[in-house]
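S.K.: Sequence:
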Amino acid sequence: MILDWCKDVMHPYHIDEVYGELTDEQFDLGDMTAELAVRDATFSLHTFMEELGKLYDTARFYTALMRICEGDSDETYDMYDEDKRFPGLPYLERYKHSMRAPKNIDVSAAKGDLLKEMQIECAYMEAHPSEQPKEGDYAAEPFDDYDRLRDLLMESVPDFRLRLKLSPKTGRMTFAVDVDSVFEIAWLTLAHMMSEDPIEEHHGGSHEGLTGVMMTCRHCGDFFIRRNNRQEYCDKEKCQKARNAKNQREFRNRKRMLKAGKKMQTEENYNGKA
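Counting from 333, one number per residue, gives the positions in the sequence shown under this note's numbering.
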């Protein structure tokens with residue numbers, strides 16, 4: 333699949349060098365030595381997958397933080413799974429567990445030794461575990477720690493190098509970001525998205541979001557570009573079927589609730605007359 337992508341799109345690394353050689357009128361493929369071919373035209377599959385994983389995990393964390401700010405933190409519960417090829421970023425794991433701060437614990441036996449005090453506190457916490465939430469529920473709301481999560485997201489994006497470059501279109505010098513791979517281009521694009529369409533810092537709002545931004549499908553989990561401010565599913569047939577099924581369930585639930593409400597109102601009116 334990676335080989336097919338490279339054939340159809342472009343070589344993923346050494347973009348400036350490869351492009352410069354291929355567009356040079358003096359370039360002859362027959363003159364390329366084995367050393368040049370290995371340096372410029374090959375790449376490590378392990379490195380490729382490692383860089384792809386970092387980009388994918390960070391993009392998922394970005395969309396998860398958007399969901400959290402929209403009041404959809406439940407949708408982010410399973411974002412991290414260490415058994416997957418790309419496990420995700422574990423920054424939300426801490427909110428799944430109740431972290432009760434120890435209070436009024438007798439640590440006098442430690443005689444001022446900080447390490448022993450911590451050991452006594454740990455032993456007490458193990459003997460008196462705090463109640464944990466049911467599976468699928470957060471013990472603490474991630475949004476309450478928004479500033480920390482936002483900073484972790486920014487730290488996940490690598491730095492970019494600016495330098496003077498020669499524009500191939502104008503032939504003039506320009507001050508631009510230096511990119512060497514498709515991953516650096518993707519990181520730059522993601523950083524632009526994060527800065528130009530920032531995550532809204534509000535909680536419990538509607539699911540209506542910005543159009544033209546990257547989202548994760550609620551059914552399959554794949555990324556897609558949102559075309560309207562209510563779109564939550566990608567265009568795959570199975571995902572559209574899941575969306576329709578969800579809408580039908582919600583419609584039936586609304587009808588049942590409306591019917592139950594009318595029945596209760598009728599009974600109240602009857603009892604009132606009686």
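For the record, the hints were derived by calculation from the structure and aren't laboratory data.
Heads up, some of the hints might be wrong.
Said to hold, decoys possible - As a list, the in silico EDC-like pairs of lysine to aspartate or glutamate whose alpha-carbon atoms are at most 20 Å apart:
| no. | residue 1 | residue 2 |
| --- | --- | --- |
| 1 | K416 | D510 |
| 2 | K466 | D404 |
| 3 | K386 | D404 |
| 4 | K570 | D554 |
| 5 | K428 | D445 |
Stated by the list, open to error - Label pairs and their calculated CB-CB ranges:
| no. | residue 1 | residue 2 | range |
| --- | --- | --- | --- |
| 6 | W337 | R504 | 28 to 38 Å |
| 7 | A459 | A518 | 48 to 58 Å |
| 8 | E473 | E349 | 28 to 38 Å |
| 9 | K416 | A508 | 27 to 37 Å |
| 10 | N585 | R417 | 34 to 44 Å |
| 11 | V341 | D415 | 25 to 35 Å |
| 12 | E463 | M525 | 36 to 46 Å |
| 13 | R504 | H429 | 24 to 34 Å |
This one's a predicted model, so the numbers in the text were calculated from it and none came from an experiment.
Just so you know, even glycine gets a beta-carbon here, dropped at the ideal spot from N, CA and C.
S.K.: If a hint holds in the structure, say so; if it does not, say that too.
M.R.: Hint by hint, here is what the structure shows:
Distance restraint check for K416 and D510: the Cα-Cα separation of roughly 32 Å exceeds the 20 Å cut-off, and the hinted pair is therefore not satisfied. Between the alpha carbons of K466 and D404 the distance comes to roughly 17 Å, so the proposed pair stays at or under 20 Å and holds. Of the supplied pair hints, the one linking K386 and D404 is violated, its CA atoms being roughly 24 Å apart against a limit of 20 Å. A threshold of 20 Å between alpha carbons decides the hint, and for K570 with D554 the separation of about 12 Å falls inside it, so the pair holds.
A threshold of 20 Å between alpha carbons decides the hint, and for K428 with D445 the separation of about 31 Å lies outside it, so the pair is violated. Between W337 and R504 the beta carbon distance is about 33 Å. The supplied range of 28 to 38 Å therefore holds. The hinted window of 48 to 58 Å between A459 and A518 holds, with their beta carbons roughly 49 Å apart. The hinted range of 28 to 38 Å is not satisfied by E473 and E349, whose Cβ atoms lie roughly 49 Å apart.
Taking the beta carbon of each, K416 and A508 are about 36 Å apart, inside 27 to 37 Å as hinted. The given range of 34 to 44 Å is respected by N585 and R417, whose C-beta atoms sit roughly 37 Å from each other. Checked against the hint of 25 to 35 Å, the pair V341 and D415 passes, with Cβ atoms roughly 30 Å apart. Taking 36 to 46 Å as the suggested C-beta distance range, the pair E463 and M525 conforms, at roughly 40 Å.
The beta-carbon spacing between R504 and H429, approximately 57 Å, falls outside the hinted interval of 24 to 34 Å.
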